Amino acid sequence: MRLAYVLRRLLYSALAFGISVTIMFAILHFMPGDYITQYLEAIYTIAPPEVVEAYNHAYGLDRPLIEQYFSYLIGVLQGDWGYSLSYSRPVLDVVCEKLVWTLVLLLPATVLSAIVGIVIGAYSGWKRGSKADIVLLNGMIFLRAIPSYWLALVILIIFAFYLGFFPLGGYVSLSALDTGIDPLDVMSHAALPIFTLFLFSVTGIYYLMRNSMLMTAGEDYIVTARSKGLDDPTILWRHAVRNAMLPTVTMIAFQCARMLAGSIFVETVFSWPGLGMLTYEAIEVRDFPLLQGILLIDTLFVIVANIGADMIYPFIDPRVEVGS
Amino acid sequence: MTTDEPLLRVRGLKVGFPTSDGLVKASDAIDLTIRTGETLALLGETGSGKTVLGMAILRLLQPNTRIEGEILYRGRDLLSLPEREMQKVRGREIAVVLQNSGTSFNPVLRVGDQIAEAITLHRGLKGPDAEAAAVDLLDRVRIADPARMAREYPHRFSGGMRERALIALALACNPSFLIADEPTRGLDAVTRREILSLFSEINRDRSVLFITHDIEAAATLAARVAVMYAGEIVEIGPVDAVLSSPVHPYTRGLLGSLPERGMRPIPGSAPSLIAPPAGCRFSPRCTFAVGRCEKEHPGLVEVGPGHYARCMLYD
Amino acid sequence: MRSFGVTPHARSSIRVWRWVTVSGHNVALYLSLGVILVYCAIALFAPVIAPFDPFAMSGSPLAPPDATHLLGTNDLAQDIFSRLIWGTRATLILGFLGAAVSVVMDTIIGIVAGYYGGRVDEAVMRFVDVMMTIPAFPLLLVVTIFFRPGIYVTAVIMGLFGGLNGVRIIRSQVLTLAVSDFVVGTKALGAGDGYIMGRHILPNILPLVGVKFVTSAQHFMLVGIGLGFLGIGDQNLVDWGQMIERASQNGGIILGLWWWLIPPGLAVTVISLALAWFAYAWEERINPRFQVMRV
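Chains as they are written, first to last, in the numbering used here: chain A, 6 to 329; chain B, 960 to 1274; chain C, 3 to 297.
Hints are computed from structural coordinates only; laboratory data are not their basis. Predicted, not measured: the structure shown is a model, and the values here were computed from it.
Under the rule of at most 25 Å between Cα atoms (straight-line distance), these lysine to any residue pairs were calculated in the SDA-like manner: (1) A:132 / B:1039; (2) B:973 / B:1230; (3) B:973 / B:1041; (4) B:1254 / B:1238; (5) A:132 / C:30; (6) B:973 / B:1036; (7) B:973 / B:1039; (8) B:1254 / B:1227; (9) A:132 / B:1038; (10) A:132 / B:1066; (11) A:132 / B:1047; (12) A:136 / C:275; (13) A:132 / C:287; (14) B:973 / B:1228; (15) A:136 / B:1041; (16) B:1047 / A:223; (17) A:132 / B:977; (18) B:1047 / B:964; (19) B:1085 / A:237; (20) A:136 / A:223.
If you want a taste of the chain B side facing chain A, the calculated C-beta under 10 Å gives, among others: (21) 1054; (22) 1055; (23) 1062; (24) 1068; (25) 1114; (26) 1129; (27) 1132.
We put the CB at the ideal spot given by N, CA and C, even for glycine.
Using the sequences plus the hints, can you model the full thing?
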């Protein structure tokens, strides 16, 4: 039964992916102007018509749209995601390479924001109305209001520029040219961007956890726990949190996806060579095939995160059988 | 096997809930005693304040509830105990079987673990010893295959099994006093009878406050009965006296509304607890009411040996 | 429904005068509303308030603040203070227009899905799920960079792409309403679906929609300014994101040009904060907080 469910889920996700690709393709190709001209204009000021035609032919833009669509779709499934104009390499290669670096930031940030968000959200909800709750809640509202790019800049200025605790950008120091990549060095470069992404995503988890806890605190089984003579902290951490945590799994997946978009800003500010910065660069030079590939990987990422959340859920909630 | 000094003595208990519409006086000047080994049934409709009374004894109500009066358990006033001390009483000395068994268990923890938790807390048994004790308890409440069920989650239990498990949980540390809040509500006739028989067997030497709207159950299990209406006790006495020859018009109406006794409902509806009527609270609906009833508030008057009623007609 | 375990909500109150106690919530509500209105006023009266034309060269470049140029000048010798004032317009347009589009879309979808329920609901929600896997922000970037729309079109596109978050909340509210007594009763009287949806369901979810509008406005303001930060904004308008980006690119950090770098970011944060607090205080108001005890 479990296998059938997994297969069904994968099929559904594949379908969702296909529809997303189609919609994106439609949106992108029904725009006025073609991207080859735009790209060439970014390099030359006036592109000679022969060059334009040559590029058009090489990239298949002179074929009917339907043909382009299907060849693209099939190509995607086979692993041919097009050819990057600016990198002169297959899009899939470039994207995968940069994805790894983004994951170096994203995964620790997700784990950190999940843990911290759950813990302080639980405490805040449990002690609703207390000084701690009011301070935390308002603090989170404040944090959420700050735009991520400005937050990244401010953090960069304070911690890297003024305090000098962390390097100003990049993912390795110049010394790596001689000594090779040192994990510790990479970590010190990653610290600030991870911290920024963490601040970016922890607010959503906190807020959901707090609300969830508000509802859990009024449940009958909490009264049962109290009637057993358990003390307040035990009831909170052993009984309440386990239940209040359930909705946050979906939120964590959502925040993961949101961080991917946010990484465009964060990576650019910190000069971290991941997907986000790649997006920024591709936008600058109008590298359309690369951008299309980035959109694809973003979609895939969201789908995978959602599947992950779905798969984890039955493990933490015994009432849910895999397949419901 | 009752001693002279009552195990529980409630004096002048008043419970009020502040709401945006005003203070809801859920219980008003309740006086009650329960002896060792005695079962007292608390009868009443929804909204009469009986559950509130039960919860108040263990201080399980909301923190902003206004409670006045005394609840003396073995001579100690529970209402004046610091929270730490109260935690030692809960589950160990006094335990409660909560009203809704469907939602009274934590859905993400195994039933056996939830029972073992109380055992570890009060009886000092750890790990496998506590688990074994939990299995033993499930067996005592007549749950089939107790070792397997202990490892299951609450949603796997049927309604009747959950009720038994809840009873097992309450009795885990052998409390001297048990509060049972509507243990037979929502159960089918067969299960109900089984639970009641289990109840009488397992609580032979225990003091029990049996909160219910089920008159038959009260008749079976209790030695004494107290009838509540609009936050007050309107009649209290030995079970035979109260149920066979009820004195208070409300009790009579209640018994008259039973299917086997004619199923005559009491006209009108229960009064607001924010602004209860001056005078007797039942007078607006009482067929015997006289002018005095609406003006003066009746106290409990003795109408028989150990039998009291709150009615102007007997004053 | 018993809520014995809930810690009651302590209303934080401030005694303003002897007879007037202002509850903490009301302070947040009115203060944030005030800030929002101030911003709107600034945007509206920008030509009057700003001392200089935001695009004109009015002094020497990169000059620190002085009496004429309250926030100094940028690399193109434009007065930063005037640019800050004028930038309010872009921010508010992006936020409110984008939110309007998004909320209208969400409400229509939410009402239709919640009201009809059953298969319609399932189909719609599945479609919404698929749409939500599309990375809205990167797509927005790509479209904006190639399409090069003006600010109004950008706001509309933002609303269309980034919008579907509110659908679930609206739909669940509508689901409850659709089976409520008065709706069933109205149906029994022969009222048509459209009539019920418009006359009965919509007014009941308006508070929810209102709160969603405010939070969406906050979100779209940040996203819209973000576009400017990436250099994709409407070049004809002054945009705080552009200002921040230009400030950091032109040595804002290294040269310590605080008057250029900080104010735009602060301006965005303040309006964003005001909207967030307003939404929160309003939501507190419309949510039932005290549950009636049934014992």
